[in-house]
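*Asks:* Keeping the supplied structure of chain A fixed, place chain B upon it in accordance with the hints.
So the protein sequences, as listed, match chains A and B.
So in this note's numbering, spot 54 of the first sequence is number 54, and the numbers just go up one at a time.
So in this note's numbering, spot 231 of the second sequence is number 231, and the numbers just go up one at a time.
Rather than coming from a laboratory, the hints here were simulated on the basis of the structure.
This structure is a prediction, so every number in the text was calculated from the model and none was measured.
Each hint should be verified, as a subset may be incorrect.
Since the list can't tell identical chains apart, any single copy or any two copies may satisfy a pair.
DMTMM-like mimics (lysine to aspartate or glutamate), calculated; alpha carbons at most 25 Å apart, straight line [said to hold, decoys possible]:
1) K188 - D116
2) K188 - E177
3) K188 - E95
4) K188 - D259
2 protein chains.
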Amino acid sequence: MIGSLIGKGPFIAVDWGTTNRRAWRVGPDGVAEAECEDACGITALAPGDFAGQVAMLRETLGDLPMLLGGMIGSNRGWRETPYVACPADARAIAEAIMWIDPQTGIIPGVAQERRDAPDVMRGEEVQIIGALASGLVPENATLCLPGTHAKWVRLCGGRIAGFSTWMTGELFALLGEHSILAPQMEGKARAGAGFAAGVVASAECDPLGHLFAVRAAHLLAAPMIDGPGYVSGLLIGAEVRAGLRTSGGEVPHLIGRPDLNKLYAAAIAQVQGNPAASPPAMDGNAAFRAGCSALLREFA
Amino acid sequence: MIGSLIGKGPFIAVDWGTTNRRAWRVGPDGVAEAECEDACGITALAPGDFAGQVAMLRETLGDLPMLLGGMIGSNRGWRETPYVACPADARAIAEAIMWIDPQTGIIPGVAQERRDAPDVMRGEEVQIIGALASGLVPENATLCLPGTHAKWVRLCGGRIAGFSTWMTGELFALLGEHSILAPQMEGKARAGAGFAAGVVASAECDPLGHLFAVRAAHLLAAPMIDGPGYVSGLLIGAEVRAGLRTSGGEVPHLIGRPDLNKLYAAAIAQVQGNPAASPPAMDGNAAFRAGCSALLREFA
Chain A
1 MIGSLIGKGP FIAVDWGTTN RRAWRVGPDG VAEAECEDAC GITALAPGDF
51 AGQVAMLRET LGDLPMLLGG MIGSNRGWRE TPYVACPADA RAIAEAIMWI
101 DPQTGIIPGV AQERRDAPDV MRGEEVQIIG ALASGLVPEN ATLCLPGTHA
151 KWVRLCGGRI AGFSTWMTGE LFALLGEHSI LAPQMEGKAR AGAGFAAGVV
201 ASAECDPLGH LFAVRAAHLL AAPMIDGPGY VSGLLIGAEV RAGLRTSGGE
251 VPHLIGRPDL NKLYAAAIAQ VQGNPAASPP AMDGNAAFRA GCSALLREFA
Chain B
1 MIGSLIGKGP FIAVDWGTTN RRAWRVGPDG VAEAECEDAC GITALAPGDF
51 AGQVAMLRET LGDLPMLLGG MIGSNRGWRE TPYVACPADA RAIAEAIMWI
101 DPQTGIIPGV AQERRDAPDV MRGEEVQIIG ALASGLVPEN ATLCLPGTHA
151 KWVRLCGGRI AGFSTWMTGE LFALLGEHSI LAPQMEGKAR AGAGFAAGVV
201 ASAECDPLGH LFAVRAAHLL AAPMIDGPGY VSGLLIGAEV RAGLRTSGGE
251 VPHLIGRPDL NKLYAAAIAQ VQGNPAASPP AMDGNAAFRA GCSALLREFA
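Just chain A, same shape as in the assembly (with noise of 0.2 Å):
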């Protein structure tokens, strides 16, 4: 039922987030034809908001099928998805899709269910479908996919096969809003030479130790030349460190917000010594969005 639908025409696709919710009118070749992009992540929303926002958006971008995914299929968003359990693929998450009526689907996240490294992804899957669907990555590969809370994924046969979580970006924001080292963490990280004494730093294995330089340095009349740089590579290279060690040195293909990508490429770079090597990167919102396409697909 849903395939006579679905899968044929365009689409909307949204990506509803803790704090923020992007949504494209999807071409049928893949393009975005339309967008809209909003801070109405479902903490900003009641629970008996959901169905009044997806009206909206109809109204915004076309009365077309909707895919959506991220934390809109959490315990705290619409309506809980629950996850699918790794190794997943395309197939198997798109037959886990929780239909709210036949033309709006929300898509579920994929677990890990291993005691001794549980783990949870929602949204992140639907990109790497979209990676994978576009030809980006090969049916295997380690990818890395940056943000608040980023993922580093070994990829098998086309299946997610096991990934890990890194709360780098988390992290990077807790220490620029409420940490005693704010005040030196001002601006945007950027990929200079701040941001590579950090990786340097980092190297040591024990990057926490060298965050109060930060501070200690601006009291000494010293100051880093570009503290949120610093503190990013700090970060930033302990998690491409262990995430190589991990993958054999393999180097793991991004996939994520453009800026993101190119402070783990330069770390990336860096850690193998090779600082003309740039990983194969790849926009999030794009394979996002191819990812909603090839899960449309399954229903053809």
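*Replies:* Showing chain B alone in chain A's frame:
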């Protein structure tokens, strides 16, 4: 002149921090004869409040000579008291006391003016001098002072030769108050099975890669036995491992709050693989009072 007024009878020692303040009347034998503790840290007071606050402390504890240590000497405190550079001993610190009047002195902090590892302390130097003066730590030793900004200190010939700061306590508080882990971090960290599991996980050199497991386990209905314990074990475990690498395995003397000393002692014993070994530990408040006594003796 100063020597004629102080160093012979009882005096008041004040550990005046960012958020808290502890003051004691210290008898000639170094014993606390009276004390008061409150939340009148420097950030709770306006610049003009300090003289009045000091007068009130004297009303409570006696009209006696007073030594003040901690953030009271910072640029946000009563009177900025320049740091003494490493290597620093009791004499150098005593000579740099900022005398507001002949009966009231602010103890300077200590700075490590290394471009590659800038660092500062304010208050811990008093505890270190106290531990030395009490004969509880040898002149050549590694010390660890747990806290919001934990310090690992190298003593050489009775001087503070160098040190490094770990924002372990602040990070733990940030994660417990502001992060996505907060709901799973309610309660106090204790040295139990959860803490031990965190110390184990910190062994992989990437404690930050294990934090999210606390959240994921909860979502997968397999909650950690002890969220605050696990996170504390991860952070303290990472700090202790790095500290022991730096000290060449030399077990540090602990100076701090008894509950924190206990957590650090548990982590050290676990990392050393010797559950029976307990590092020597000294109460931080007793060390502070002893340090003030020792500084005053420099004027006797």
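*Asks:* Take the hints in turn and mark each one as holding or not.
*Replies:* Structure-based check of each hint:
1. K188 - D116: between (35 Å within a copy, 23 Å between copies)
2. K188 - E177: both (13 Å within a copy, 24 Å between copies)
3. K188 - E95: Neither. Shortest intra-copy (41 Å) and inter-copy (43 Å) distances fail the 25 Å Cα cut-off.
4. K188 - D259: within (10 Å within a copy, 38 Å between copies)
The structure does not agree with numbered hint 3 stated previously, though it agrees with all others.
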